[in-house]
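Q: The chain contents come next:
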Amino acid sequence: MPMTEDDFRALLADRSRDASGTPDPVTAVHHRIHQRQVRTRSVLAAVAVAAIALAALGVPSVLSRDRNNNPTTETIDPSFTRPVEPAPTMPTPSPSPAPSATPLPDFATGAPVFAFGGKLLAGGVLHSPAEGDITITFTPTDWNLAIANWCSSGWPSDKVSFVVTTVNGHNLFGGTCGAGFGKLGDVTPGSEEAAWRDLGVELGKPSTFSASIRQGPMTGRLPLDQSSSPQMAAKRPHGTMTVGVYQRVIVSDYPLPDSPVTLETPQALSYGSTPPPTLVTGMNGTYAMTAVATSDRNDRTLLVEHVAPGQIRVLVNGVLIDLVESWDYTDASAIIPLDVASLAHFGVRVRAGQKVSVAIQTTRFAAQRTWAAYQQQN
Amino acid sequence: MGAGVADRSGFDGFVTAASPRLLRTAYLLTRDSAAAQDLVQIALVQAWRSWGRIDGDPLPYVRRIMINAYTAAWRRRWRDEVPTADLRDVGYEPHGSVEERDLVWSALGQLPRRMRAVLVLRYFEDLTEAQTAEMLGVSVGTVKSQSSKGLARLRVDATLAPASTIAPRES
Chain A
1 MPMTEDDFRA LLADRSRDAS GTPDPVTAVH HRIHQRQVRT RSVLAAVAVA AIALAALGVP
61 SVLSRDRNNN PTTETIDPSF TRPVEPAPTM PTPSPSPAPS ATPLPDFATG APVFAFGGKL
121 LAGGVLHSPA EGDITITFTP TDWNLAIANW CSSGWPSDKV SFVVTTVNGH NLFGGTCGAG
181 FGKLGDVTPG SEEAAWRDLG VELGKPSTFS ASIRQGPMTG RLPLDQSSSP QMAAKRPHGT
241 MTVGVYQRVI VSDYPLPDSP VTLETPQALS YGSTPPPTLV TGMNGTYAMT AVATSDRNDR
301 TLLVEHVAPG QIRVLVNGVL IDLVESWDYT DASAIIPLDV ASLAHFGVRV RAGQKVSVAI
361 QTTRFAAQRT WAAYQQQN
Chain B
1 MGAGVADRSG FDGFVTAASP RLLRTAYLLT RDSAAAQDLV QIALVQAWRS WGRIDGDPLP
61 YVRRIMINAY TAAWRRRWRD EVPTADLRDV GYEPHGSVEE RDLVWSALGQ LPRRMRAVLV
121 LRYFEDLTEA QTAEMLGVSV GTVKSQSSKG LARLRVDATL APASTIAPRE S
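Note that the protein sequences, when read in sequence, are chains A and B.
Position one of the first sequence corresponds to residue 1 (our numbering), numbered consecutively onward.
Position one of the second sequence corresponds to residue 1 (our numbering), numbered consecutively onward.
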């Protein structure tokens, strides 16, 4: 017979019980705060920490190309203190179709070749040790870069894993293992270049990206893979930290995954009978709404949801404040603050409570109603 | 407004006291211990930045940041979100069996993230429909709809619960 509500409550309580073991949370959060402060000082005042999209291809590679489209060799630094499996070098790219970017993470085979609309410049995998370091060398030819690191869930269960990353020895990002990291800048012209230059990166010259994983004490027991079904556990190779540096490619060079037979509908369009009053959707074009500027960054944010590849530009009072891009058919969303401080960063001067005009400009979508945007209500 | 002048007394104590519960909620959302830690850290760091401006109990505020961060999948995609072609049929075996619990747990991980958040907030955090709606920035009707659909997809039958446990939580 079906499970009852009480059974379900018990299940949630049971499955989450081991996750409550707290690995010195105060130290952990201050460690992260410190890392953010260091990075904020060294990079940009307004850093848009973007996503890590794990579109693994199952074909690890270390590959880059110069401005003339010639492949250049990237190396994995042999000085890391733990065994690191460098992703094998891909053969010279052929004119054959690029592989499909299927959003199925595979932590055993290294960084995905394509992610974030970019192509892997350099990547590597650190296997299983409780602590270790990995360094990869990349040579960018464009400022439109993104860095990613992620961990599988099989790291030692009795401790917390901290990841600290640097570029050319400059602090970049720190946090618990599992943190993703994307682009450094925002939509402000030149912000990407300024951010990377602050980290000592120059076009056409090798730079290094390093990630270190360290352990802290933990009082409880964390991983629950063993308590999941065997099928679920079998899907997850254990004990890897993967890193990758990506450089943007032109859209036509990016291998979008095949469209599913049935496209998802944005949840914003399937919610009951009372859609948000500011809701807009469509296909490609410019869609207008009126929103309200807030005083708190977390209040009444603008939610932009998409379920298919495409690009969404968000303008407030005519000023571009964010660019949301999707490269697969995952139902995902971006939360964009509409508070006065965030808007002021882009030169939009408004008061809290003041109405602002929001324009949603969409391109590259292949079907109607595969995106939606609205200001969340409180 | 500067980070250096805000009054952050009580922050460390809150972190110590609230982290276990937040971690449990985060784990139910992400189904991955590392991702859960990361999600909690995101929320706590954001809360730290505005700590001096939080009135009253900070837990709902921090929980809300965490839920928002979780649903902002474009910005940060949790790696254990492994799409599958279809949900396995949970079937009608004796309720509470290990296998059934595993299947429901597995199916929970395949729900859309906001639907999953609704179920976690309603059935783990025991929030009311109104509180859940406020947390997610949606209507109460949406919460009802998502909760109903979510339970149906998990094959959880609310009508089988004892009367005391299915009494309306909304007055």
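To be clear, the hints were calculated from the coordinates, so they are not data collected in a lab.
Treat the hints with caution; some may be incorrect.
So the derived label-pair ranges between C-beta atoms look like this [what the hints assert, rightly or not]:
hint, chain 1, residue 1, chain 2, residue 2, range
1, A, N284, B, D12, 35 to 41 angstroms
2, B, G10, A, S259, 49 to 55 angstroms
3, B, L59, A, R349, 21 to 27 angstroms
4, B, A130, A, T188, 38 to 44 angstroms
5, B, T16, A, D253, 26 to 32 angstroms
6, A, V319, B, G141, 31 to 37 angstroms
7, B, S148, A, R17, 38 to 44 angstroms
8, A, L203, B, A152, 53 to 59 angstroms
9, B, G141, A, A344, 18 to 24 angstroms
Reference excerpt, derived from the structure (chain B facing chain A, CB under 7 angstroms, subset only) [said to hold, decoys possible]:
hint, residue
10, D12
11, V15
12, L28
13, A36
14, I54
15, I65
16, N68
17, W105
18, M135
19, R153
Virtual Cβ for every residue (Gly too), placed ideally from N, Cα, C.
Q: So, for every hint listed, does it hold in this structure?
A: Consistency of the hints with the structure:
1. A:N284 to B:D12: 35 to 41 angstroms: violated (50 angstroms)
2. B:G10 to A:S259: 49 to 55 angstroms: With a Cβ separation near 51 angstroms, G10 (chain B) and S259 (chain A) satisfy 49 to 55 angstroms, so the hint holds.
3. B:L59 to A:R349: 21 to 27 angstroms: Hint violated: Cβ distance 34 angstroms, outside 21 to 27 angstroms.
4. B:A130 to A:T188: 38 to 44 angstroms: holds (39 angstroms)
5. B:T16 to A:D253: 26 to 32 angstroms: Since T16 (chain B) and D253 (chain A) have Cβ atoms about 50 angstroms apart, the given range 26 to 32 angstroms is violated.
6. A:V319 to B:G141: 31 to 37 angstroms: holds (35 angstroms)
7. B:S148 to A:R17: 38 to 44 angstroms: violated (27 angstroms)
8. A:L203 to B:A152: 53 to 59 angstroms: For A152 (chain B) against L203 (chain A), whose Cβ atoms are near 54 angstroms apart, the range 53 to 59 angstroms holds.
9. B:G141 to A:A344: 18 to 24 angstroms: Between G141 (chain B) and A344 (chain A), where Cβ atoms are some 36 angstroms apart, the hint is violated.
10. D12: holds (5 angstroms)
11. V15: holds (5 angstroms)
12. L28: At about 5 angstroms, which falls below the 7 angstroms cut-off, the nearest Cβ of chain A leaves the hint on L28 (chain B) intact, so it holds.
13. A36: It holds, given that the least Cβ distance between A36 (chain B) and chain A is near 6 angstroms, below 7 angstroms.
14. I54: Not OK, violated: I54 (chain B) not within 7 angstroms of chain A, min 10 angstroms.
15. I65: holds (6 angstroms)
16. N68: holds (6 angstroms)
17. W105: holds (6 angstroms)
18. M135: violated (10 angstroms)
19. R153: At 12 angstroms from the nearest chain A Cβ, R153 (chain B) fails the 7 angstroms test, so the hint is violated.
Checked against the numbered hints above, the structure violates hints 1, 3, 5, 7, 9, 14, 18 and 19; every other hint is satisfied.
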